[in-house]
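S.K.: Below, each chain spelled out in residue letters.
4 protein chains.
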Amino acid sequence: MSVSVGVVGFSGYSGVEAVGILGRHPQCEPVLLEHRADVDGLKLLRKASVRRAPASANSVAAEGLRAVLLCTAPEVSMELAPKFLAAGAVVVDLSGAFRLRTPALYKAWYKEEHTAADLLASAVYGLPEFYRNSVRGARLISNPGCYPTAANLALRPLLAAGLIDRKAGVICDAKSGVSGAGRKATLKNSFCEVTENFSAYSFFNHRHVPEVLMNSGLEEAEFSFTAQLIPIDRGILETIYFRAWKPVTAAEIMDVYSAQYADEPFIRLYQAGSVPDLHAVAHTNFCDIGVVADPATGRCIVVSAIDNLVKGAAGQAIQNLNLALGFDETAGLS
Amino acid sequence: MSVSVGVVGFSGYSGVEAVGILGRHPQCEPVLLEHRADVDGLKLLRKASVRRAPASANSVAAEGLRAVLLCTAPEVSMELAPKFLAAGAVVVDLSGAFRLRTPALYKAWYKEEHTAADLLASAVYGLPEFYRNSVRGARLISNPGCYPTAANLALRPLLAAGLIDRKAGVICDAKSGVSGAGRKATLKNSFCEVTENFSAYSFFNHRHVPEVLMNSGLEEAEFSFTAQLIPIDRGILETIYFRAWKPVTAAEIMDVYSAQYADEPFIRLYQAGSVPDLHAVAHTNFCDIGVVADPATGRCIVVSAIDNLVKGAAGQAIQNLNLALGFDETAGLS
Amino acid sequence: MSVSVGVVGFSGYSGVEAVGILGRHPQCEPVLLEHRADVDGLKLLRKASVRRAPASANSVAAEGLRAVLLCTAPEVSMELAPKFLAAGAVVVDLSGAFRLRTPALYKAWYKEEHTAADLLASAVYGLPEFYRNSVRGARLISNPGCYPTAANLALRPLLAAGLIDRKAGVICDAKSGVSGAGRKATLKNSFCEVTENFSAYSFFNHRHVPEVLMNSGLEEAEFSFTAQLIPIDRGILETIYFRAWKPVTAAEIMDVYSAQYADEPFIRLYQAGSVPDLHAVAHTNFCDIGVVADPATGRCIVVSAIDNLVKGAAGQAIQNLNLALGFDETAGLS
Amino acid sequence: MSVSVGVVGFSGYSGVEAVGILGRHPQCEPVLLEHRADVDGLKLLRKASVRRAPASANSVAAEGLRAVLLCTAPEVSMELAPKFLAAGAVVVDLSGAFRLRTPALYKAWYKEEHTAADLLASAVYGLPEFYRNSVRGARLISNPGCYPTAANLALRPLLAAGLIDRKAGVICDAKSGVSGAGRKATLKNSFCEVTENFSAYSFFNHRHVPEVLMNSGLEEAEFSFTAQLIPIDRGILETIYFRAWKPVTAAEIMDVYSAQYADEPFIRLYQAGSVPDLHAVAHTNFCDIGVVADPATGRCIVVSAIDNLVKGAAGQAIQNLNLALGFDETAGLS
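Protein chains in written order, with our numbering: chain Y, 1 to 334; chain U, 1 to 334; chain C, 1 to 334; chain D, 1 to 334.
Be aware that a few hints might be false.
When chains are identical, the list treats them as one kind, so a pair holds in a single copy or across two.
To be verified - Cross-link-like lysine to any residue pairs, in silico, SDA-like; alpha carbons within 20 Å at most:
1. K107 to L213
2. K107 to E220
3. K167 to E222
4. K111 to A181
5. K83 to A117
6. K246 to G298
7. K167 to E329
8. K246 to G162
9. K188 to G273
10. K188 to S274
11. K188 to A282
12. K246 to E220
13. K83 to R36
14. K246 to F204
15. K188 to H279
16. K167 to G298
17. K111 to E75
18. K188 to K246
19. K184 to H279
20. K107 to L119
Think of the hints as simulated: they come from the structure by calculation, not from any bench. Treat the numbers as computed from the prediction; the structure is a model and nothing was measured.
Between the sequences and the hints, there should be enough to build the whole structure, so can you do that?
M.R.: In structure tokens:
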């Protein structure tokens, strides 16, 4: 029997992706929850059979929703999450509203007041590879940002193993496809401005940075993050530079990853000296990781790649949903 | 000594192109005429040395403008053209405001009233290959649309030669890069909607159709025009289908073109059976024409290609300007 | 219990697609059949668990193959199909080797001798929407070409209904993504030659033309086919022009399609006056069809869109396989 | 009066660019020097009026060549440079053949013997911003690599000013368009492999690295260079990370650049905190440089952008040619 899962923001890129995954999910059925101007989404969801309802708490009972995915901006998530939780639904929020631990931190990075601060304490950060057990019992899951997903999966095992010379600094040169900016009309992301171009748009202070700090234990001064735009639809590739404390080979670094990720269904490790490209992860929920190292100097480079709309958004959200609802973690995702 | 030429709408794609051509022009110097929100154009025109002035009639005297290019929407052109003309400048208008012959025709295709209808009678249609002498003495030149430029240059010699069976219909399957839609924020032209896509967006009733009819003599029922979007920045390629009255070879059709265009500096003809692609014309003022024919059945295909921002807009405007001001027709364009 | 299905040519674009679909198929399991230089395909098929075997008849028994998909060039298909058939496997051939009815026709269009001509008589043309019952019992299924799939699905119902004035000619202006040319190193399809370009590469005489003639009943002189390259990875969009015998509305044409395709799982019809773009069909097995018409003149335009690697190749091959093996026709495809 | 300049390799991307620039050059006229399979280049050079001659020493006298540009592979340059020099022509070599100082260094990085080693001593490294006077008198000019041009122009002033903590390491995360790989058929650079992808292809050991070391004074262990492929035609953007010895603002770094580059015609500096994108430099001979810094920690990021076919190849070659032949340095380039 199918479980009904609501999707708010179903006409955005991550919303469309979520509806698609739920449509292929053996135990779930999507319900489109209409909020504001979602009419435009119709074209992308031509298959007429998908149920629709208003994005209101009443729809939880009326449609029998066990869970709701919020593919929305933070301010919308702060407005809707309390209502859906109160109505009894599990909520997976794809915005940044519940990722940081305190209202002060939120204000510092998002430049606005948090209007649902009482929920921060109970929100679980939904990076299953590290918080799987917490996600299992969670009612409010905060889905990680796309950039931090790729960065944390690459950095955390190496930091835990004490391999990285943090004082020498960790540099994450990140590149993203345009869908990461969401589905909206802006001159900056119009076709002619993006095609045949490449541009860096954020240095040091991207709002995804604190997610990396709080998960990796790095200090802000130790982590340099650059966000850059590739003229493609989807995909994030991060080239991460650091120094090891001691001479280390790429194979030894891969051993650290293998020990950590041996049983992970969505992490793929590359042979030492090989790295992923974006085609390898497009339309999948995988995070692919490869390493190059110069043992003579301790210089190391990790390349981490995901599809920003899948492992970086809707795919990871369904992975979290699967854990929260007791389904197989990979259901709908392979 | 340099002649000053004003450009209104210098931050749009055709405006940027016009300023660039004028900057390379041996006899001209561009002056940016600021109208409404042109601040954004600064980034594209970083070379600081270009003069600036308000887009008002006073600037004609103050800046010594011999001519003004209006790279603007029709409603702005209808507002500004009379003022600049009254102030003594030659005006080349790149919008559709002065292309059609009557206010009624304008209203029928542009869905709004013409607010400068008294100028229609004196406006010269600036397709130099056919109206060169009129352009030479003109004070108001209406620069042709991008699609009609490619279509008229392909069709007119063959219609004049009586080669085309008009009753059988002429089909123009046209494809354009995205810059043809102008520089503005729309969801439809955002990168993720356009990349890896191809879409037809206008059938039969594109507002460029009447320009083809009035130049070629075709009836509306005889000319089927389809406009389609290619995921590229610039370029128009038209695949034009028709039937010849009698068996005809591609070489015989090329002979008709050769007779017409032998001395034209901006028309390039291909060997019979060969056709241009868009790389051949990118960043040039050329219109490239090639022909394929099946003599057994009279079926003919002409491929006509231009750069929509050059021969389809700014380049042709400068070509017209050169004629109007008595310069070499190719100055700045080769 | 899973049925084993071999794939020859698994490192080409349609082969990769076929392996992917079989991997998601509830009743099938892919076996990679190695033929010549397939090593390069490894990178695209990193998931190590897929079985491998030589592309020889012995593998049918050794691996328990019920069927083999030939994602190969015609000359390879002519060599391998007889062997796999003799060994007891159902064969679905994605090349053009068995699409035409006679060796003479094959030689005329493919410019080489047919080396397995005795199989032509028993090969079933695998367009399920019209030959479903024949496919059900077939042992050798010839998968249609990508262009003819989109064209035949659009044209055949209208020709059957006697709606098209054939003497006036049917024009199919077809555009395809680059993957249609296969996975190989050519200067013509290198990135820098294709990006920001659009080019027509075949007029009248594409080898897919006879597939349209034999299915639609059109004469060669009545059907003008142009093949053009879009700078995208995947997708075919055909803009088809014809004249109706009598005044007809788009809605009336859609009624003809509705009557024919009401129960088809992979045909989607658009509202009269609306047409599909390529995003609508990307990564799906759908053929989307829309119509625009000018009743006053009888001029009609049909837009037909598919993903050339799915409905135009691997997806349709699995659809045929499902029919031949008695599975649900949509298994693995939705 | 025009000076004749030969171009060998005129059908490659940098050769086409060189011919184009020479065609617009007020004092030069290109002569296509045919070497091996250059027939394919015809399509790109349709303007029939360009002279042609064999790529042999005799053509120097026969065509009155003052100079020859070698847009060729290193092994061809090593074969032809001695011949053209002996015949009296100035040679600008765009390959890597004469960039390194010794045959041993050449063999270490290019993995083959140097076959014209006696010319190494007299070859001048053609980075005009630093070797202008040497270039003026040179007969053999070695045109810098594309990556090193962007890197050296960014790094050298800061290293000279003693601003960079070399021991902390300099990281150059470089991204290039596909034309940097040359015009040839490879699967790796075919459209479908590149579009919607992003890939890193060289870590630490790219053959352009020694050009940066020898110009900047950095040790190999201090300079980490990563080469990555962007799905665009042309452009190189390098994101360069380093630590300053002491707290420094972006404005202070820009002051160092301003002092060095105040009179340079082809260096454009950005306001502190702003950085260039690739559209800013496309089809120009500019190198654009911008800086972001975090004074609290000494972390600095420089973004350096060029068009790899212009300032990174043909444009810089003409700039060198202008110096060597005594023309205005910017002739043909603005």
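S.K.: Which holds for K246 with G162 at a C-alpha limit of 20 Å: within a copy, between copies, both or neither?
M.R.: within (10 Å within a copy, 28 Å between copies)
S.K.: Is it within a copy, between copies, both, or neither that the alpha carbon of K188 lies no farther than 20 Å from that of G273?
M.R.: Classified as between; 18 Å across copies, 36 Å inside a copy.
S.K.: Are the CA atoms of K107 and L119 at most 20 Å apart within a copy, between copies, both, or neither?
M.R.: within (15 Å within a copy, 58 Å between copies)
S.K.: From the Cα coordinates, with 20 Å as the cut-off, is the pair K184 and H279 best called within, between, both, or neither?
M.R.: Only across copies: K184 and H279 sit 17 Å apart there, 25 Å inside one copy, limit 20 Å.
S.K.: Evaluate K83 and R36 at a C-alpha cut-off of 20 Å and name the case that applies: within, between, both or neither.
M.R.: Answer is within; shortest intra-copy Cα gap is 17 Å, inter-copy 44 Å.
S.K.: For K188 and K246, with the copy left unspecified, which applies at a CA distance of at most 20 Å: within, between, both, or neither?
M.R.: neither (44 Å within a copy, 36 Å between copies)
S.K.: Pop the pair K246 and E220 into one bin, within, between, both or neither, using alpha-carbon distances up to 20 Å.
M.R.: Classified as between; 18 Å across copies, 23 Å inside a copy.
S.K.: Can you give me the call for K167 and G298, within, between, both or neither, at a CA distance of at most 20 Å?
M.R.: both (14 Å within a copy, 13 Å between copies)
S.K.: Given a CA cutoff of 20 Å, do K107 and L213 count as a within-copy pair, a between-copy pair, both, or neither?
M.R.: Intra 16 Å, inter 45 Å, cutoff 20 Å: intra-copy only.
S.K.: If the cut is 20 Å between Cα atoms, do K188 and A282 qualify within a copy, between copies, both or neither?
M.R.: Answer is between: at 18 Å across copies they meet the 20 Å cutoff, but 24 Å inside does not.
S.K.: Have a look at K188 and H279 and pick one of within, between, both or neither, based on CA distance no larger than 20 Å.
M.R.: between (25 Å within a copy, 12 Å between copies)
S.K.: Between the shortest in-copy and the shortest cross-copy C-alpha distance, which are at most 20 Å for K167 and E329: within, between, both, or neither?
M.R.: neither (37 Å within a copy, 46 Å between copies)
Violation of the numbered hints given earlier is confined to hints 7 and 18; the remaining hints are satisfied by the structure.
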